[in-house]
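**Student:** All chains should be modelled from the sequences, with the hints used to inform the complete structure.
As given, the protein sequences belong to chains D and W, one line each in that order. All residue numbers for the first sequence refer to our numbering, where the first residue is 1 and numbers rise by one. All residue numbers for the second sequence refer to our numbering, where the first residue is 1001 and numbers rise by one.
Everything labelled a hint here was simulated from the structure, so no lab data went into it. Errors might be hidden in some of the hints.
To be verified - Here are some chain D residues pointing at chain W (derived, C-beta under 7 Å): (1) Leu10; (2) Val45; (3) Arg49; (4) Arg67; (5) Arg68.
To be verified - Derived coverage of chain W by chain D (criterion: at least 3 residues anywhere in the stretch with Cβ under 8 Å from a Cβ of chain D; other residues may be distant): (6) 1034-1040; (7) 1049-1055; (8) 1159-1169.
C-beta atoms are modelled at their ideal positions from N, C-alpha and C, and glycine is treated no differently.
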Amino acid sequence: MTHLTIDQLLALREPGSEPGQAEARAHLDACPACSAELDRLHQRVARLRALPTLRPAHDMWAVVDARRRADRRARQLRRASVVTLGLAASLGAVALVRPLVAPSVRNDGGVTEAAIAEAREQSASLEQMLHAYDPDARMVSGRTAGVAQVLEDRIAQVDQRLQTVDLAPAQPARNQERLDLWRQRVGLLDALVDVHVTRASSVGF
Amino acid sequence: MEPFSVADAVLADARAGDAAALEAVFRAFEVPVYNLARRICRTTEDAEDVVQETFFEVCRSIGRYRGDGSLWGWVRTIASSKALMKLRRNKYRDTDELHEHAAPARREDTALRMDLEAALERLSETSRAVVWLHDVEGYTHDEIAGMMGRTPSFSKSQLARAHARLRRWLGEEVPAA
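**Tutor:** So, in structure tokens, the structure goes:
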């Protein structure tokens, strides 16, 4: 007599009917060995379900929460960046038009639009790097998330100040402040890239 | 009745992004999620990573949970996917053969039989995941195949191989009549 295989016994547990199941059931009714084997299968599954519940050794909410907050701030930062970049684009357009109506684009203290443009370009490049790295999709330790969160908060503050400065009437005296803020933004973004990318490469991602 | 759940009011607050409510969701499901992850993953560290990933995803996406199925079912599917993703990412070597050779020969002496916990641990990552998801969590082969990116036949054959091994390692084989 050919006994049922494990595949056939397992198939008997599945809902619905598959080809050959009727024959397998008929065999089962007539074969004590296969019937016992199916019982053992049921018992094994029952024992699997009765295995003790494994519990985490420590609380993980703090890590999850830090990451959740960092994610929320990053989203806010992205929204703020869109506004800032929009403003920057508008101001760029103004800068292009201004020579036609006001030939003097030089400002006080030797601060040039070029230096601001350069800082803005560095800022955009670092944002692209961060975007490509996609820190939101990666797992971070609570400590890393905490540092990233502080940096993102500070970037958001700089962005708010930049918006205020950029919306103010064009004044040469404001250029130094704009340049300082853009450079500050570059420094903070640079640190944020370090936090994410350096950590990632140190653990071999 | 669902084994794990949260009150509707807590769920509504969690969907609105309330931190205390999100923590309540975490507290309600952290143990079953960890248990599932630990049964599938090889190490506690990997299981903890899966818990972290799962609840980060839950916090991010709970606003999109429509309540079609149970909240535990939704969380469990995220956890299962994250655990399977972890297996793929780690690229564990499939050590079936090694395990099989290392397993002690079956004897009549019951003292030499492995206990179920050890036998489960000895299965390959994939086989163990399929056994756990199918036999304990109650997923169908179609659902497991979907999560693993494989076919239902693959899931069925993994389950059959796993049970054949468990039966042997647990000393449950009986001589053919």
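**Student:** It remains to establish, for every hint, whether it holds in the given structure.
**Tutor:** Okay, the hints, checked on the actual structure:
no. : hint      : result
1   : Leu10     : holds (6 Å)
2   : Val45     : holds (5 Å)
3   : Arg49     : holds (5 Å)
4   : Arg67     : holds (5 Å)
5   : Arg68     : holds (4 Å)
6   : 1034-1040 : holds (count 4)
7   : 1049-1055 : holds (count 5)
8   : 1159-1169 : holds (count 6)
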